[in-house]
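> The residues making up each chain are set out below.
2 protein chains.
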Amino acid sequence: MRTVCVVGVGMSKWGEVWKRSFRQLFVDAARNAIEESGVDHIDSLYVGCMSGGLFAGQEHVGAIMADYLGMPGIPAMRVESACASGGMSFRAALLDVGSGMSDIVMAAGVEKMTDIDGDEATAALATAADQEYEVFHGATFPGLYAMMAQAHMAKHGTTRQMLTAVSVKNHHNGSMNPVAQYPFKLKPETVENSVMVADPLRILDCSPITDGAAAVIVCTEEIAKKLGRPYLKVLGSGLATDTIQLAQRDDMTTIKSATLASERALKMAGKKISDIQCVEVHDCFTIAELMVLESVGLFEPGKAGMATVAGETALDGRIPVNPSGGLKSKGHPVGATGIAQIIEIYKQLTGQAENGRQITSSPTIGMTQNMGGSGASSVVHILEVAS
Amino acid sequence: MRTVCVVGVGMSKWGEVWKRSFRQLFVDAARNAIEESGVDHIDSLYVGCMSGGLFAGQEHVGAIMADYLGMPGIPAMRVESACASGGMSFRAALLDVGSGMSDIVMAAGVEKMTDIDGDEATAALATAADQEYEVFHGATFPGLYAMMAQAHMAKHGTTRQMLTAVSVKNHHNGSMNPVAQYPFKLKPETVENSVMVADPLRILDCSPITDGAAAVIVCTEEIAKKLGRPYLKVLGSGLATDTIQLAQRDDMTTIKSATLASERALKMAGKKISDIQCVEVHDCFTIAELMVLESVGLFEPGKAGMATVAGETALDGRIPVNPSGGLKSKGHPVGATGIAQIIEIYKQLTGQAENGRQITSSPTIGMTQNMGGSGASSVVHILEVAS
Numbered sequence: 001m002r003t004v005c006v007v008g009v010g011m012s013k014w015g016e017v018w019k020r021s022f023r024q025l026f027v028d029a030a031r032n033a034i035e036e037s038g039v040d041h042i043d044s045l046y047v048g049c050m051s052g053g054l055f056a057g058q059e060h061v062g063a064i065m066a067d068y069l070g071m072p073g074i075p076a077m078r079v080e081s082a083c084a085s086g087g088m089s090f091r092a093a094l095l096d097v098g099s100g101m102s103d104i105v106m107a108a109g110v111e112k113m114t115d116i117d118g119d120e121a122t123a124a125l126a127t128a129a130d131q132e133y134e135v136f137h138g139a140t141f142p143g144l145y146a147m148m149a150q151a152h153m154a155k156h157g158t159t160r161q162m163l164t165a166v167s168v169k170n171h172h173n174g175s176m177n178p179v180a181q182y183p184f185k186l187k188p189e190t191v192e193n194s195v196m197v198a199d200p201l202r203i204l205d206c207s208p209i210t211d212g213a214a215a216v217i218v219c220t221e222e223i224a225k226k227l228g229r230p231y232l233k234v235l236g237s238g239l240a241t242d243t244i245q246l247a248q249r250d251d252m253t254t255i256k257s258a259t260l261a262s263e264r265a266l267k268m269a270g271k272k273i274s275d276i277q278c279v280e281v282h283d284c285f286t287i288a289e290l291m292v293l294e295s296v297g298l299f300e301p302g303k304a305g306m307a308t309v310a311g312e313t314a315l316d317g318r319i320p321v322n323p324s325g326g327l328k329s330k331g332h333p334v335g336a337t338g339i340a341q342i343i344e345i346y347k348q349l350t351g352q353a354e355n356g357r358q359i360t361s362s363p364t365i366g367m368t369q370n371m372g373g374s375g376a377s378s379v380v381h382i383l384e385v386a387s
Numbered sequence: 001m002r003t004v005c006v007v008g009v010g011m012s013k014w015g016e017v018w019k020r021s022f023r024q025l026f027v028d029a030a031r032n033a034i035e036e037s038g039v040d041h042i043d044s045l046y047v048g049c050m051s052g053g054l055f056a057g058q059e060h061v062g063a064i065m066a067d068y069l070g071m072p073g074i075p076a077m078r079v080e081s082a083c084a085s086g087g088m089s090f091r092a093a094l095l096d097v098g099s100g101m102s103d104i105v106m107a108a109g110v111e112k113m114t115d116i117d118g119d120e121a122t123a124a125l126a127t128a129a130d131q132e133y134e135v136f137h138g139a140t141f142p143g144l145y146a147m148m149a150q151a152h153m154a155k156h157g158t159t160r161q162m163l164t165a166v167s168v169k170n171h172h173n174g175s176m177n178p179v180a181q182y183p184f185k186l187k188p189e190t191v192e193n194s195v196m197v198a199d200p201l202r203i204l205d206c207s208p209i210t211d212g213a214a215a216v217i218v219c220t221e222e223i224a225k226k227l228g229r230p231y232l233k234v235l236g237s238g239l240a241t242d243t244i245q246l247a248q249r250d251d252m253t254t255i256k257s258a259t260l261a262s263e264r265a266l267k268m269a270g271k272k273i274s275d276i277q278c279v280e281v282h283d284c285f286t287i288a289e290l291m292v293l294e295s296v297g298l299f300e301p302g303k304a305g306m307a308t309v310a311g312e313t314a315l316d317g318r319i320p321v322n323p324s325g326g327l328k329s330k331g332h333p334v335g336a337t338g339i340a341q342i343i344e345i346y347k348q349l350t351g352q353a354e355n356g357r358q359i360t361s362s363p364t365i366g367m368t369q370n371m372g373g374s375g376a377s378s379v380v381h382i383l384e385v386a387s
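These protein sequence lines map, in sequence, to chains A and B. Going by the working numbering, 272 is the number at position 272 of the first sequence; the sequence numbering is gapless. Going by the working numbering, 362 is the number at position 362 of the second sequence; the sequence numbering is gapless.
Among the clues, some could well be false.
Okay, derived cross-link-like pairs now, DMTMM-like style, lysine to aspartate or glutamate, Cα gap no bigger than 20 Å in a straight line [to be verified]:
1. A:K13 - A:D115
2. A:K267 - B:D43
3. B:K256 - A:D43
4. A:K19 - B:E132
5. B:K226 - B:E384
6. A:K226 - A:D43
7. B:K267 - A:D43
8. B:K267 - A:D103
9. B:K225 - B:D43
10. A:K256 - B:D43
11. B:K19 - A:E132
12. A:K13 - A:E36
13. A:K256 - A:E300
14. B:K226 - B:E36
15. A:K267 - B:D103
16. B:K13 - B:E35
17. A:K233 - A:D103
18. A:K233 - A:E221
19. A:K187 - A:E312
With the C-beta cut set under 7 Å, the calculated list includes, among others, these residues of chain B facing chain A [said to hold, decoys possible]:
20. V79
21. L95
22. S99
23. I244
Computed beta-carbon distance windows for the label pairs [to be verified]:
24. A:G351 - B:E35: 51 to 57 Å
25. A:D115 - B:R318: 49 to 55 Å
26. A:E263 - B:P301: 50 to 56 Å
27. A:I203 - B:F136: 33 to 39 Å
28. A:G73 - B:G228: 39 to 45 Å
29. B:D43 - A:A154: 33 to 39 Å
30. A:H41 - B:P301: 28 to 34 Å
31. B:E222 - A:K272: 28 to 34 Å
32. A:R229 - B:P301: 41 to 47 Å
33. A:R318 - B:F136: 50 to 56 Å
Think of the hints as simulated: they come from the structure by calculation, not from any bench. None of the values given here were measured: they were computed from a predicted structure. Quick reminder that beta carbons are idealized off the backbone N, C-alpha and C, glycines included.
The whole structure should be built from the sequences, with the hints applied where relevant.
Rendered as structure tokens:
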């Protein structure tokens, strides 16, 4: 496969963006990415979107976005893997350029989630679980992750304090991120006194419902060099699935898809997990961040919680985790999240993170892990800054 | 890009399949494709599906299908471009193998459309059009294609008899296809006396609502040779979009996305349109078949209707079109249709079409054209049998 590079990134406003529609959010992000990268065209477009149908009454997402970007005619396709749709979009773009089919591709993601009410959004999100064997019986995502949290606490002695530390850290980072939906710091007691959603998960353990879009330009290294801007090389891509139902798994305290996907990405990159210097992981709930960090091998099973309390995953820690603020503070427009993770790694590795959010150790290699459902999909990418 | 081959194909039952669920339909097709190809594993899975959310309350379609196929762990992703989702799935699989990321990939498509009622299905299908500027104002797909038909009649003198000839031919072909939803012949007067849906389109001008799945195995040529079964080489792939709204187009009598996509596929294949010996095209309505045949250059503008009446597109004609029976007779489970087109070309080029449906001239090169919405997406593939 040809070397594939990331040359420019763009985001829309994230939050409850009532004044921008589904398509407008996409166009905002896409135009920013095109302007920042300096490309004069794109050969192809991928759009990650979990449920245009249920959230916005709009399928055919690739075509409509190409059209509203002012580029009807270009090849365009939507990809979906629930909340991992953004990461899938990046992978599809990687294969497009890597194969030689295209030279300059946009990988984007978008979701417009607040045009329906909260109950409807919860039901739409639940379609990432098994409709017949989980959702029909009343399961929702806070409930599924609460069961995983209970199992993790029972097995490893994970505590309320450890979950709180994830939320506090991510809000600290997000307070410096200009696009974050909730750019404010939290005190531990605020998290711990917030309303219970599904025991032990409180509202401030949960990522929010968000409108937003994100886009990156990927291209060949030859083009990246010509553009004369900072760029990353994609070293590895790993994609893996697991049983859709939580009940079918041998162990509810690890995310097997994250383990497999990271192994595949590291193998392709020719790297070890200890080579990774910063990560964006899928903290849809606080417990998810801990489980993923353990599943990809950055921490031993049961050790990520204490490490978070000790500051090892902070911006100045041994392995900074979710410098963007993560899903928790930055927001989680599900189809866009995986692309926004790539964008944060781009900013961190090229030294462009805003407002004091830059990781102090100046990392040169980073990883993203984007997840669908209760972990039935994970997609991992490893990126390195071009020297 | 590496040479990519098609080595085995499989379909589920197609029709109103009340006894098989969304996931079961997929598994039926996937198992058939695996058994027929003789592969002992797949490296990756792509599933084309227009709206798991609206038709079946199930997103995260890649992961759930990998799981129910008994292969949780493998990379899996859903792709969507409305009714062109199947063709997109094939293209994504082509890039996966072509890039060197995977060696053996399944490209599948599935839709379970009859678990909701007809009005709901019409509304779900309408999400392939522009929700804000077409659907909100009452447009449905029969209405959009009826406008295209009226324009085509006004410009080219296309007649009722020509539309009828498309339906009669496709039902003739489909009467010999064991998986067809409506495997019976039609008399011209039956078509012409059928109920009006949207003038001039009558019910027997329209493809039906269908449950069904289809799957093909694609792999490297090295593996295809080892398997020792007949196989096709993928010579070209072309994908193009157009404005999502019909009202935005300069000309309603051609499908510009089909023109662009076929040009791109022919260029990649190093072929001319006159090299193509048989085609499966997207006859969601009878008028669509005529417009596509003209748009890809198989006939001059306004000439496909008379040619159809004259038998030029019949099984023993100059250029056989929709030997499978097309969407009209075979059925149109929207996400699966593009894969079923590949399957028919596989059968025709390898001499395996059943029940006397085999094209008499023994074609060696064929083309598929799969379309989304009113033509806002087209994906074209060119395949040649390995000698």
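> Does each hint hold? Answer for all of them.
How the hints compare with the structure:
no. : hint                        : in the structure
1   : A:K13 - A:D115              : holds (16 Å)
2   : A:K267 - B:D43              : holds (15 Å)
3   : B:K256 - A:D43              : holds (17 Å)
4   : A:K19 - B:E132              : holds (15 Å)
5   : B:K226 - B:E384             : holds (18 Å)
6   : A:K226 - A:D43              : holds (17 Å)
7   : B:K267 - A:D43              : holds (15 Å)
8   : B:K267 - A:D103             : holds (16 Å)
9   : B:K225 - B:D43              : holds (18 Å)
10  : A:K256 - B:D43              : holds (17 Å)
11  : B:K19 - A:E132              : holds (15 Å)
12  : A:K13 - A:E36               : holds (16 Å)
13  : A:K256 - A:E300             : holds (14 Å)
14  : B:K226 - B:E36              : holds (14 Å)
15  : A:K267 - B:D103             : holds (16 Å)
16  : B:K13 - B:E35               : holds (16 Å)
17  : A:K233 - A:D103             : holds (14 Å)
18  : A:K233 - A:E221             : holds (8 Å)
19  : A:K187 - A:E312             : holds (19 Å)
20  : V79                         : holds (5 Å)
21  : L95                         : holds (4 Å)
22  : S99                         : holds (4 Å)
23  : I244                        : holds (5 Å)
24  : A:G351 - B:E35: 51 to 57 Å  : holds (54 Å)
25  : A:D115 - B:R318: 49 to 55 Å : holds (51 Å)
26  : A:E263 - B:P301: 50 to 56 Å : holds (55 Å)
27  : A:I203 - B:F136: 33 to 39 Å : holds (35 Å)
28  : A:G73 - B:G228: 39 to 45 Å  : holds (42 Å)
29  : B:D43 - A:A154: 33 to 39 Å  : holds (37 Å)
30  : A:H41 - B:P301: 28 to 34 Å  : holds (29 Å)
31  : B:E222 - A:K272: 28 to 34 Å : holds (31 Å)
32  : A:R229 - B:P301: 41 to 47 Å : holds (45 Å)
33  : A:R318 - B:F136: 50 to 56 Å : holds (53 Å)
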